[in-house]
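First to last, the protein sequences are chains A and B. Quick note: the first sequence uses the numbering used here, first residue 1, plus one each step. Quick note: the second sequence uses the numbering used here, first residue 1001, plus one each step.
Since the hints were derived computationally from the structure, they do not count as laboratory data. Just so you know, these numbers come straight off a predicted model, no measurement behind them. Worth double-checking, as some hints may not be accurate.
To be verified - Short, incomplete list of chain B residues facing chain A, as computed with Cβ under 8 angstroms:
id, residue
1, Thr1051
2, Trp1090
3, Asp1096
4, Glu1097
5, Arg1101
6, His1103
7, Glu1110
8, Val1166
Ideal Cβ placement from N, Cα and C applies to all residues, glycine included.
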Amino acid sequence: MISRRAFSAGLLACLGGCATHHESGPSSDLPDIGAGYRPDPKSDEAGLWLKLDKVEQNQRRSPGRIRDKPINDLVQDMVCRLAGAYCPDLRPYVIRVPAFNATCAPNGMISIWSGLLLRCHSESQLAAVLGHEIGHYLKRHSLQRLRNSRELDDFAAFFQFQLQGPAAGLIRGLSQDITQASKSMFSRDHEREADALGLALMADAGYAPAACADIWRHIKAEDAAGGESERFDFFLSTHPATTERIDNLDELARRRPPAARPAPDRLNAALGPLRRSFMADEINQGHFKRTDNLLTRLIGDGIDPGGALFYRGELYRRRNRDGDEAIALGNYHDACETADPPAEAFRGVGTIRWRRGETELAREYFRRYLRVAPNADDGDMIRKYLSGA
Amino acid sequence: MIRLVSLLLLLLAAGCTPYRLIPAGKVEFTDHGSVETPIDWNWRPIDTVHTWTLDGPNLQEMLFHLGIEDGKTLMNALDVESGFNPLLVWFGKVPDEVSFRFHKRMTEHEIMDLFTASMSKITESPVVASGLMPADLGGHQGFRFDYAFVGKDEVRRRGFAVGAVVKDKLYLIHYVGTALYHYDRNRADAERVAASFVFAGKD
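Just chain A, with the same shape it has in the complex (with noise of 0.2 angstroms):
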């Protein structure tokens, strides 16, 4: 099946490509990093290092990154106390994505995306996911996988090489059908151990280990509502099943001790008015049932019924279905009955009654608004709408 000139010429070709990496080493039982840890320069890991600094000099000069004082000083704070010594190797930004994500690059570089914020209903929820990625930091996963992914590719690559014969198409597609699933389950296998190592981290730094499991089943709520439930592909999934994660975090949360007291919660104070922006930035999406899920939740759980109230209101408005207009101003009315109105609630009430023809109830409500906003910028319209013209 193999020609002798075949196999010679391919493991020339492995020898050729192993002459052009770096150095390099194992892809797997890697030894913990090393708090103020560097990778020796002429390692795969330093160039790997290399091309994250210069993706971290982007992030930070970017107009995308969130220059907000508290809530960079929060996540700063946040990542000291789950990381302890490891403290000053680990650099969080805080990024205006409207997706739940976070990442943590091997140089210690953690990306926090806008929409994970949203969801954090607890700093604990936050603690949860920022714990998970320092996880991934101690335990070296990006190299693991660089180096899984090489060695697997290289395998195969020689594998192919050698392939002759009718059934070599078949068998090319198989491996490689298999090196992906290997990649995937050496992906899902750190997931798993970044979960258990980041509960271990948050639960000792003094957060409720049930927000785990939490975040997650938030995360399969909103799926579901989005027609989108359980996305689990053995071949491609890099990450294993929601539904197990959340059954893994609440064993693991209910064989922690007792906590000795109530886990600090600082998130809603620092986030403050960015959450509304975070709102609008969710329903820019087009996401009906994901977003109305979440906005419904968050006015459940009391996380700025206000702002969450009003932007459920724009999401109705906005489909603008046979009773949508209804639902959206009862939105709007309950929210400008909330402790903290957002004033565009009020001019939300103002302008369907308007369209209404409820010319003076309308008209009411534009008061409200510029008594609540008044160095609004849209108030010579709000004026127009006033004088009747």
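Fit chain B to the supplied structure of chain A, relying on the hints for placement.
Frame of chain A; chain B shown alone:
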């Protein structure tokens, strides 16, 4: 190799783009109206939108959304529901996506919101509008506002939009350019173009 392929694709795309010179003077938009431009522009249609530029669409653009009908999106490409698989829809497996559509009874605030939501989809970046005020378009009472965003290329851009709803259709003209240079450089030209808009049949 990747750079070479990218360059070839770029050249191919540029070759396919039907840019045409719009000389200074009167420009007619079939069935909708006309404008007077003090300078030359380069024109190309994107979807249902007339787009003009001087130095390239990433540097500055003037866009004309003319005669958007009730229930339609600002561009056809924004109508996500039209791309749904009819079989999935039949079985109730509708993707969780909604389009932002113009409705003839929308107020000025709602049209500004439609614009920012649509632009946020197009640019994949948060677009923020401000300064909504009454304005005139082609002799009809309308509105204008400013907007800004930082695109995926991390470049800050500014823009202004002028619009009106006439006979249940939305007419919206907007100009956008890099905040650092191009927006200011040709803003006055763009303002003159928008101010010169005349609806069809009003000559």
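Status of each hint after checking the structure:
1. Thr1051: violated (22 angstroms)
2. Trp1090: Violated. Min distance 15 angstroms.
3. Asp1096: holds (4 angstroms)
4. Glu1097: The hint holds - Glu1097 of chain B has a Cβ within 8 angstroms of chain A, the shortest such distance being about 6 angstroms.
5. Arg1101: holds (7 angstroms)
6. His1103: holds (6 angstroms)
7. Glu1110: holds (7 angstroms)
8. Val1166: Violated - the Cβ of Val1166 of chain B stays beyond 8 angstroms from chain A, reaching only about 17 angstroms at its closest.
Hint compliance for this structure: hints 1, 2 and 8 are not met, and every other hint is.
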